[in-house]
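Visitor: Heads up: the protein sequence lines correspond to chains R and U, in order. Under this note's numbering, think of the first position of the first sequence as 327, with each following residue one higher. Under this note's numbering, think of the first position of the second sequence as -14, with each following residue one higher.
Hints listed in this document are in silico derivations from the structure and should not be mistaken for laboratory results. Glycine included, every Cβ here is placed at the ideal spot set by N, Cα and C. Be aware that one or more of the hints could be misleading.
Below 30 Å or equal to it, Euclidean Cα-Cα: the simulated DSSO-like pairs (lysine-lysine) are [claimed, not checked]: (1) R:K730 x U:K66; (2) R:K415 x R:K633; (3) R:K415 x R:K587; (4) U:K40 x U:K(-6); (5) U:K16 x U:K40; (6) R:K415 x U:K66; (7) U:K(-6) x U:K66; (8) R:K471 x R:K402; (9) U:K40 x U:K60; (10) R:K730 x R:K633; (11) U:K16 x U:K67; (12) R:K706 x R:K633; (13) U:K66 x R:K633; (14) R:K402 x R:K415; (15) R:K730 x U:K(-6); (16) R:K587 x R:K633; (17) U:K60 x U:K(-6); (18) U:K67 x R:K730; (19) R:K633 x R:K402; (20) U:K60 x R:K730; (21) U:K16 x U:K66; (22) R:K587 x R:K706; (23) U:K(-6) x U:K16; (24) R:K587 x R:K402; (25) U:K67 x R:K633; (26) U:K66 x R:K402; (27) U:K40 x U:K67; (28) R:K730 x U:K40; (29) R:K415 x R:K471; (30) R:K402 x U:K67.
Label-pair distances were calculated between CB atoms; the ranges are [claimed, not checked]: (31) U:W71 x R:E431: 28 to 38 Å; (32) R:V605 x U:L15: 20 to 30 Å; (33) R:R707 x U:G12: 53 to 63 Å; (34) U:K(-6) x R:I382: 46 to 56 Å; (35) R:P482 x U:L15: 38 to 48 Å; (36) R:I382 x U:R18: 49 to 59 Å; (37) R:K471 x U:K(-6): 47 to 57 Å; (38) U:I56 x R:Q522: 44 to 54 Å; (39) U:T58 x R:D719: 35 to 45 Å; (40) R:V451 x U:S59: 53 to 63 Å.
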Amino acid sequence: MKGGRLAAVSALILLATVTMMAAVIRLLPDFWGLSPAAPAFIFLPFIFLWRFRLTIATGTSGQVLSDLVRRLRMAKYQVSQSQHRLRVKVSSNTDLAVHARDSGEECEVTYQVNLTTNSTGTLVVIVLFTGGFLLVPAAVYLLIKASSFAEGGILPQVPLGGTPKSPEGVADIRSELIDGLSEGYRLSYEAYEATQSMYTTAVMSLLLTGILVWLAVFGLVSFGGLLSVMISRVIDSALLATAVALPFTIIPLQRYRRRWKPRVNDYWQWSHRLQLALVLEVDRITTANRQSSTFELIGEACSEVPKWLADRRRGGYLNRESNSVMLYSVLGALTIYLLYNTFYSLSLNFGFGFVSFVVVITSALLAFIAIEVWLYWRAKRGLRGEERTVVADWTARMLRTRAKMERYLQDL
Amino acid sequence: MPTAEALEKPDLYVVARHLERLWREDGPMLKTRLQVAAGVNYDLFTRYLEWMQAKGLVTMESSEDGHERVILTSKGEEAYKKLVQWINEVIHEKLPE
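Only chain R is shown next, with the shape it has when bound in the complex:
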């Protein structure tokens, strides 16, 4: 099992875990609490793991996929190609994997609905809010949307009557240019989406931290009996909590904004520039005052690719910077909340003093912060190492290719 199927299985396991956690957290009385999600886990593997037949095409699988990727790019779809499959973007929530399997002189073209980060996130939210009631309808909706795209968008592009040999000359150069622009556009747009998503998650994490700090300070001051008069206690606790929570939110928010916003804007401009050039190339529009040549644009895009790849990797599935911090924060907050409740009830039942209560909670909080900082630092160090390798590898490749081109021109 590899590629799309592995990703789909991982996402389904995550969904199942979240569903069970949701059932446990809601303290549902018995096993039947899980019943709304049960049909979902019969249907979901069928929807996300099954390969639906699209058509039978003439030619080998390699030829059909190569021709299909060229045609889809000409039709302005976002496509990436790996050895035996294509990934076609349907919308921000849905991707399709298109496969071709040899069968004599023909090949069978199939498609599979991919679970993207966005669609998995949407399904997780649905589980959390409905306990699995709307899981099947939501998955069926994704399937219908993907299927109609496959029938209406991909099927007309499949070379049913065999793959024609690409003509030499003008059309060949144009399809090469379209190919390069399309790949550049896809990479820049994915980097834009990943960066935008990281920025949003970072902001959400900060707001969550701010709220948690506010609640913690308010709870300790207000219910801890530090202030004696009731009305004054509530108002003063709220003011104190706000004063403590604001620096945890506002200052890092400004820092995040300065760090991420220029990058988000830069990637958006790049994807916009490449998309515009792609449209001009596909529609064969030659403007008299083009700022630069398409070749130059692809060359410049190549030098940006390491940054795009690095940010796309950071924005990966639940294992990168801000997402990880948010996940640790939520898990940590839940742990501290449970500890708080346990010790609060212990203090009521066994007469624990307030001081020991505060000491235990503060120790737990400090331990949690220390663990989180360590995990964050470790993840960041690993990420920087990966980035350095990617950048070095890419730069070397660019230099080698450029030297090859220059030598070629010299030797003409």
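Dock chain U against chain R, hints included.
Guide: Below, chain U alone, put in the same frame as chain R:
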């Protein structure tokens, strides 16, 4: 900015810009139009044109109106195609996910 000596090793992007503009033109192209499209000064443009002629990438054609026109040769088209293929190889190169 490349100088006279640097033309011994001409800028890759400037050459590609000339070749691409000529490839897009369906036929001979006025020298002045090509110079504007390439975005280089006249002196530099002349040197690049000479270099490309010497390599057989372009030829010159004098028309009846007295204007000189530049034509992309099949060798020039082939050279441009090769450059595009190589740059595509870079952008398509897969890195570990």
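Visitor: A separate judgement is required for each hint: does it hold in the structure or not?
Guide: Going down the list of hints, with the structure as the test:
no., hint, result
1, R:K730 x U:K66, "holds, 14 Å"
2, R:K415 x R:K633, "holds, 22 Å"
3, R:K415 x R:K587, "holds, 25 Å"
4, U:K40 x U:K(-6), "holds, 13 Å"
5, U:K16 x U:K40, "holds, 18 Å"
6, R:K415 x U:K66, "holds, 29 Å"
7, U:K(-6) x U:K66, "holds, 20 Å"
8, R:K471 x R:K402, "holds, 19 Å"
9, U:K40 x U:K60, "holds, 9 Å"
10, R:K730 x R:K633, "holds, 24 Å"
11, U:K16 x U:K67, "holds, 24 Å"
12, R:K706 x R:K633, "holds, 16 Å"
13, U:K66 x R:K633, "holds, 27 Å"
14, R:K402 x R:K415, "holds, 11 Å"
15, R:K730 x U:K(-6), "holds, 13 Å"
16, R:K587 x R:K633, "holds, 15 Å"
17, U:K60 x U:K(-6), "holds, 19 Å"
18, U:K67 x R:K730, "holds, 11 Å"
19, R:K633 x R:K402, "holds, 24 Å"
20, U:K60 x R:K730, "holds, 18 Å"
21, U:K16 x U:K66, "holds, 22 Å"
22, R:K587 x R:K706, "holds, 20 Å"
23, U:K(-6) x U:K16, "holds, 22 Å"
24, R:K587 x R:K402, "holds, 28 Å"
25, U:K67 x R:K633, "holds, 26 Å"
26, U:K66 x R:K402, "holds, 22 Å"
27, U:K40 x U:K67, "holds, 15 Å"
28, R:K730 x U:K40, "holds, 17 Å"
29, R:K415 x R:K471, "holds, 12 Å"
30, R:K402 x U:K67, "holds, 24 Å"
31, U:W71 x R:E431: 28 to 38 Å, "holds, 34 Å"
32, R:V605 x U:L15: 20 to 30 Å, "holds, 27 Å"
33, R:R707 x U:G12: 53 to 63 Å, "holds, 59 Å"
34, U:K(-6) x R:I382: 46 to 56 Å, "holds, 53 Å"
35, R:P482 x U:L15: 38 to 48 Å, "holds, 42 Å"
36, R:I382 x U:R18: 49 to 59 Å, "holds, 50 Å"
37, R:K471 x U:K(-6): 47 to 57 Å, "holds, 54 Å"
38, U:I56 x R:Q522: 44 to 54 Å, "holds, 47 Å"
39, U:T58 x R:D719: 35 to 45 Å, "holds, 37 Å"
40, R:V451 x U:S59: 53 to 63 Å, "holds, 59 Å"
When the structure is compared with the earlier hints, no violation turns up for any of them.
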